[in-house]
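Undergrad: The whole structure should be built from the sequences, with the hints applied where relevant.
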Amino acid sequence: DQQVKQNSPSLSVQEGRISILNCDYTNSMFDYFLWYKKYPAEGPTFLISISSIKDKNEDGRFTVFLNKSAKHLSLHIVPSQPGDSAVYFCAASAGTASKLTFGTGTRLQVTL
Amino acid sequence: GAVVSQHPSWVICKSGTSVKIECRSLDFQATTMFWYRQFPKQSLMLMATSNEGSKATYEQGVEKDKFLINHASLTLSTLTVTSAHPEDSSFYICSASSSTDTQYFGPGTRLTVL
Chain A
1 DQQVKQNSPS LSVQEGRISI LNCDYTNSMF DYFLWYKKYP AEGPTFLISI
51 SSIKDKNEDG RFTVFLNKSA KHLSLHIVPS QPGDSAVYFC AASAGTASKL
101 TFGTGTRLQV TL
Chain B
1 GAVVSQHPSW VICKSGTSVK IECRSLDFQA TTMFWYRQFP KQSLMLMATS
51 NEGSKATYEQ GVEKDKFLIN HASLTLSTLT VTSAHPEDSS FYICSASSST
101 DTQYFGPGTR LTVL
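So the protein lines, in turn, are chains A and B. Sequential numbering of the first sequence, starting at 1, is according to this note's numbering. Sequential numbering of the second sequence, starting at 1, is according to this note's numbering.
In short, the hints are calculated from the structure, not lab data. Treat the hints with care, since some could be wrong.
Calculated pairs, BS3-like style, for lysine-lysine (alpha carbon to alpha carbon, straight line, at most 30 Å) [stated by the list, open to error]:
hint	chain 1	residue 1	chain 2	residue 2
1	B	14	B	66
2	A	71	B	41
3	A	54	A	37
4	A	54	A	71
5	B	55	B	20
6	B	41	A	99
7	B	14	B	41
8	A	5	A	99
9	A	5	B	41
10	B	20	A	99
11	B	64	A	68
12	A	99	B	66
13	A	37	A	5
14	A	56	A	99
15	A	37	A	56
16	A	5	A	71
17	A	68	A	37
18	A	71	A	37
19	B	41	A	37
20	A	5	B	14
21	B	55	B	14
22	A	56	A	71
23	B	64	A	99
24	A	99	A	54
25	A	71	B	20
26	A	56	A	5
27	A	37	B	20
28	A	99	A	71
TA: Structure, rendered in structure tokens:
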């Protein structure tokens with residue numbers, strides 16, 4: 001039972017354009033959501049998070065949007081840069097410092 | 001800040017031997033550490049959660065006698081894969097969390113069992 005889903009396994013975006021990565025979840029107990037970036041053979045790097053009391057959080061080029069009624073979140077990267085090319089995982093947890101449930105990841109390729 | 005290290009980064013061992021992987025939080029005290037494994041092209045799967053000074057909580061389907069976890073201090077947790085077999089070959093990643101919600105991940109350890 002995949003509680004966190006990333007339905008797009010890959011995404012290709014031109015440099016300078018906006019990248020939108022999507023994530024859906026099914027567990028209504030989740031109240032904290034995170035996005036991680038991962039390169040092959042490396043651990044995930046934390047990018048940005050959002051609590052369920054918010055619907056938007058912004059940090060530089062990265063913005064995460066949360067739609068609780070739709071159980072959907074998205075990560076916007078603008079402008080996209082070649083260095084953003086990586087696999088992006090969304091993750092969710094229920095409660096403070098709780099275990100994370102990860103999505104299956106979306107491979108982003110930013111082309112020149 | 002929030003740096004987590006793992007050692008070794010890559011290990012090859014013979015079937016039947018045991019392998020220990022260390023996870024350290026370098027610049028913060030981790031009240032909770034998590035161990036994940038990732039198979040190629042798959043998501044990270046949580047194996048266990050450990051709190052300093054107490055026994056680890058294992059996820060369903062994870063053998064606690066095979067994957068021994070020790071969280072001896074607020075900066076160190078170890079995962080020992082006992083009597084390793086080729087099917088244990090995987091990428092093992094730890095994460096650490098303090099009182100905040102964010103988990104910070106180590107760089108991972110690639111285990112290959114021959």
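Undergrad: If a hint holds in the structure, say so; if it does not, say that too.
TA: Each hint, compared with the structure:
no. : hint         : result
1   : B/14 to B/66 : holds, 16 Å
2   : A/71 to B/41 : holds, 25 Å
3   : A/54 to A/37 : holds, 22 Å
4   : A/54 to A/71 : holds, 13 Å
5   : B/55 to B/20 : holds, 17 Å
6   : B/41 to A/99 : holds, 21 Å
7   : B/14 to B/41 : holds, 25 Å
8   : A/5 to A/99  : holds, 17 Å
9   : A/5 to B/41  : holds, 14 Å
10  : B/20 to A/99 : holds, 22 Å
11  : B/64 to A/68 : violated, 36 Å
12  : A/99 to B/66 : holds, 21 Å
13  : A/37 to A/5  : holds, 16 Å
14  : A/56 to A/99 : holds, 22 Å
15  : A/37 to A/56 : holds, 19 Å
16  : A/5 to A/71  : holds, 11 Å
17  : A/68 to A/37 : holds, 23 Å
18  : A/71 to A/37 : holds, 21 Å
19  : B/41 to A/37 : holds, 14 Å
20  : A/5 to B/14  : violated, 36 Å
21  : B/55 to B/14 : holds, 28 Å
22  : A/56 to A/71 : holds, 14 Å
23  : B/64 to A/99 : holds, 17 Å
24  : A/99 to A/54 : holds, 21 Å
25  : A/71 to B/20 : violated, 39 Å
26  : A/56 to A/5  : holds, 20 Å
27  : A/37 to B/20 : holds, 26 Å
28  : A/99 to A/71 : holds, 19 Å
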